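Make the full structure from the sequences, and use the hints.
Residue numbers (numbering that gives the first Met the number 0): 0 to 209.
Read the hints as simulated data drawn from the structure, not as lab findings.
Since the model is a prediction, treat every value here as computed from it, not as a measurement.
Please note that the accuracy of each hint is not assured.
Unchecked claim - Derived DSS-like pairs: lysine-lysine, alpha-carbon spacing no greater than 25 Å straight-line:
1) K124 x K14
2) K208 x K172
3) K180 x K124
4) K180 x K74
5) K208 x K81
6) K118 x K208
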Amino acid sequence: MALLPEVELTTDEQKVSYGFGLQFGDQLRRNRFDGMELEAVLAGVRHWYNHQEAALSDVEINPSYQVIQERQQAKATELADKREQLANQFMVANAARDEVSTTGSGLQYEVLETGDGEKPGPRSKVVTHYHGTLLDGTVFDSSVERGEPAEFGVDQVIPGWTEALQMMSVGDKWRIACPPKLAYGEQGAGDSIPPDTALVFEIHLIAIKD
0 MALLPEVELT
10 TDEQKVSYGF
20 GLQFGDQLRR
30 NRFDGMELEA
40 VLAGVRHWYN
50 HQEAALSDVE
60 INPSYQVIQE
70 RQQAKATELA
80 DKREQLANQF
90 MVANAARDEV
100 STTGSGLQYE
110 VLETGDGEKP
120 GPRSKVVTHY
130 HGTLLDGTVF
140 DSSVERGEPA
150 EFGVDQVIPG
160 WTEALQMMSV
170 GDKWRIACPP
180 KLAYGEQGAG
190 DSIPPDTALV
200 FEIHLIAIKD
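The structure is reproduced here in structure tokens:
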């Protein structure tokens, strides 16, 4: 682990000032772009805080904003296209497996274990154990790993789940593959699920709590 720069953090004023810096650092990290130079950022902070004067005018800065925004958009579009192609390739290959069935919406499912209980309705509340992964096997969410089943409404989850749950019986364990439109679509979900990403889940329907 790299050593942090030494700084005096003993007085209340120093601690609160450091807290402001942490908040700014978090905001900066969330909005960073390729090639961001921290020394230039800190120079801008010092110039304005100490002198209320800038080395560059808005007229000089704004064209560069435009360049960076266009560059970021082009990169985002390229990544989205690659993820969409990867999702399509996976869904086509998965659908070709004998064990997999595909619904009219494009949802794919494979029955791993068969139960004999009731089927949930569109407004049912269910108890499930699940394990969700990206196509490369990265786990992004798992009640199995947490060791505690999850409870939620059938209408409170992604479209692929809502569809699958209503076809399952209590006791069933399925593996489902959701194309992006039945998962989180173009928006993605936080830092863990990028836009236009297909998702794979193993779902064990434990109970219905209507």
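*Looking back at the hints listed earlier, which ones does the structure fail to meet?*
1, 5
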